[in-house]
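Chain by chain, the residues run as shown.
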Amino acid sequence: MFRVSPAPHIKSNLSSRKIMYLVMLALLPAGIAGVYIYGLCSLKVIFISMASCVLWELLFLKFRHKDPRIVLDGSALLTGLLLAYNLPPEVPFWIPVVGAWASIILGKQLFGGLGHNIFNPALVGRVFLQISWPVYMTTWKNPRWALDSVSTATPLAKEGARSFSYIDLFLGNHGGCIGEVCILALLIGVLFLIFTNVISFHTPLSFFGTVMVLAWIFGGKGIFQGDPIFHLLAGGLILGAFFMATDYVTSPLTRRGKIIFGIGCGLLTILIRLKGGYPEGVSYAILFMNAMVPMIDRYTKTRKYGLVKKGR
Amino acid sequence: MKRLLREFLKGITIENPTFRLALGLCPTLAISTSIVNGFGMGLAATFVIVGSNMIVSSIRGVIPSKIRIPSFIVIIATFVTIVELVMKAYFPSLSKALGIFVPLIAVNCIVLGRAEAFASKHGVVRSIFDGLGMGVGFTFALVLISTIREAFGNGTLLGLIIVKGFEPALLFILAPGALLVIGILMGFINHVTER
Amino acid sequence: MNNITRFAFVLFLVNLIAASVLTGVYYLTRPRIEAQQKLIKEEALRQVMPGSVGNRLEPFKENGEVRYWKVFKGSDPIPRGYVFIAKKYGYSSIIESMVGMKKDGTITGVRVLSQNETPGLGARVVEVLSNKTLITALKDIFLRKKPAEKRLSPYFTGQFKGMKIQRMDISNIDAITGATISSKAVVDSIKSRGLEILGK
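Protein chains in written order, with the numbering used here: chain A, 1 to 312; chain B, 313 to 507; chain C, 508 to 707.
Everything labelled a hint here was simulated from the structure, so no lab data went into it.
A hint or two may mislead.
[Stated by the list, open to error] So the derived list for chain C, only partly shown, Cβ under 7 angstroms to chain A, looks like this: (1) 599; (2) 625; (3) 627; (4) 628; (5) 684; (6) 685.
[Stated by the list, open to error] Straight-line distance between alpha carbons at most 27 angstroms, and here's what the computed DSSO-like set of lysine-lysine pairs gives: (7) C:639 / B:476; (8) C:595 / C:646; (9) A:221 / C:595; (10) C:691 / A:221; (11) C:595 / A:275; (12) C:594 / A:275; (13) B:408 / C:595; (14) A:275 / C:691; (15) A:221 / C:594; (16) B:408 / C:548; (17) C:594 / C:639; (18) A:62 / A:18; (19) C:545 / B:400; (20) C:548 / B:400; (21) C:545 / C:568; (22) C:594 / B:408; (23) C:646 / B:408; (24) B:476 / C:646; (25) C:568 / B:408; (26) C:580 / C:691.
Glycine included, C-beta positions come from ideal geometry on N, C-alpha and C.
Bound conformation, chain A alone (with noise of 0.2 angstroms):
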């Protein structure tokens, strides 16, 4: 077992930094699909994001008379990857550079730096953006193949629903952000992270349960008639479950901590979906159960070894 969790403690040989060089990889499938797809504007996106996120991160460092080194354990470049999967191909560029203050300084470095930020800072930055500026972050482009190249809805918009099938949602044929179209890509990189112990599937799957069973009865017209395949192919939530949810700072450290914040996630996701202002809420359900982990870990201590409970 190669994940952090309380004791007993067995000695792992994944340092941070190759956990985050690892995960990055990972996205890759994902964001060769998203320039695929979109085409070279998703790249200058990607670019953008992630430079500015360095660059951020340096001048804060230098701010704070730290080691300017620190900026190589790759969380910074790794947020700025995240960040970029999260906006749509053709925001304007200020856009990125600004969502890298908000997830490097606000969601943070203010914090204390890796390791003490309470909020994921990728989604931090996102949200950032969202509520801010909605009209960029609304404003999606459809594949370089389609007719109509200019703004479209995405699947998740209450006006657009029902016209994709689920293998163009599968394979990302309709606008979304870069990162979270392409669910065949990602789910190579969810392989490739399996295969290498770096992520737990404890809170993508009851994450996914949830969200599927709740689409289901609460999605359509009538009770127990919604869509829990579109609910799930559609919108952020492979990203947001697999490589977000699952962030090691951010979330629970026992298994029974990440269930309980799958399913809280989940839960939060459907509300806002089905119910919110906004078309999509995996980011805003993350977050919000962010804030939830050091609850969740005080109520899902496990026992210290070799302790027997006594009765009373």
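Starting from the known structure of chain A, fit chains B and C onto it as the hints suggest.
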């Protein structure tokens, strides 16, 4: 005289109700969306604090201590209602913008806090200066917060566009922006004062 | 026992003084408050129904409930137009608007009364655009020019003015960017309610 000046200044600096005592945050979060609102709210609260401090300190020997809190509340509520009526009559648009938060000054912890912690133990003149200081400190904090929020969240100052083409970050005008701005300002002030 | 009567007496006194002060303030401010409220109401009405069309309102009741208002001009017994409330569910809330309409279906004004749409998107149905900047305002003060007239009505609902209700459609108005559903809800609610009233 020097002592009075100190009572006045402490509310603005070392005992600033918003940044140092963290009192009265509810109206601060809710109405600091524009400078006009922030300033209006600050003035209304200042009037109430000064008035209630004055009355409370002048009757502090008469009121038995067991019923002092209900008496204070009645006095505060009276001043709040006066403010509300006057505002409705003469500044209807401000009254509409501040909405429920004008009557809610009655439960603003700064007002009762000053009545209980200061005015009920000190003389009239000192209490008035304490109230003035607290009120001005509160107004200052509100104007500072709302200036930042209006500039970044709406791209305007006093309703006038700052630079054409700047696209305001809506977050600052909404509730999360209020928490963010207050948090960052508090952190910054602590950072500076702890040096 | 003696204590309790003393407490009661003191509290009574405090309340008595407070109540009498408030009564005084209330009587002093009442006429002004009433005048202000009347002004606000008239202002809202004038925004949707200009005085040149009509200036007298009469509620039209159905089963004891006010359905809409008929607008008359002076003592003319024939109604010149209607004022009605239109509402429909937008993206995340019911959008309610007050509409003024001439007898032939020409919209004289629309004012959104309540909505709780997504901030920055649907909520922009009530956004008022100002073209006054800090620089122009300072210039006005410096040159002692009279400031330009303030725009009061939101640009989205402003474009309905003068439109015929029969020809109103989401395709021939400028919808708010990124908020087609909210825009459509406003248009549809006005159209269906207006046609319903004209049909009567």
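Okay, the hints, checked on the actual structure:
no. : hint          : in the structure
1   : 599           : holds (4 angstroms)
2   : 625           : holds (4 angstroms)
3   : 627           : holds (4 angstroms)
4   : 628           : holds (5 angstroms)
5   : 684           : holds (5 angstroms)
6   : 685           : holds (5 angstroms)
7   : C:639 / B:476 : holds (10 angstroms)
8   : C:595 / C:646 : violated (44 angstroms)
9   : A:221 / C:595 : holds (19 angstroms)
10  : C:691 / A:221 : holds (21 angstroms)
11  : C:595 / A:275 : holds (16 angstroms)
12  : C:594 / A:275 : holds (19 angstroms)
13  : B:408 / C:595 : holds (25 angstroms)
14  : A:275 / C:691 : holds (19 angstroms)
15  : A:221 / C:594 : holds (22 angstroms)
16  : B:408 / C:548 : holds (13 angstroms)
17  : C:594 / C:639 : violated (33 angstroms)
18  : A:62 / A:18   : holds (24 angstroms)
19  : C:545 / B:400 : holds (12 angstroms)
20  : C:548 / B:400 : holds (14 angstroms)
21  : C:545 / C:568 : holds (23 angstroms)
22  : C:594 / B:408 : holds (23 angstroms)
23  : C:646 / B:408 : violated (30 angstroms)
24  : B:476 / C:646 : holds (16 angstroms)
25  : C:568 / B:408 : violated (30 angstroms)
26  : C:580 / C:691 : violated (32 angstroms)
Consistency note: the structure conflicts with the earlier hints numbered 8, 17, 23, 25, 26.
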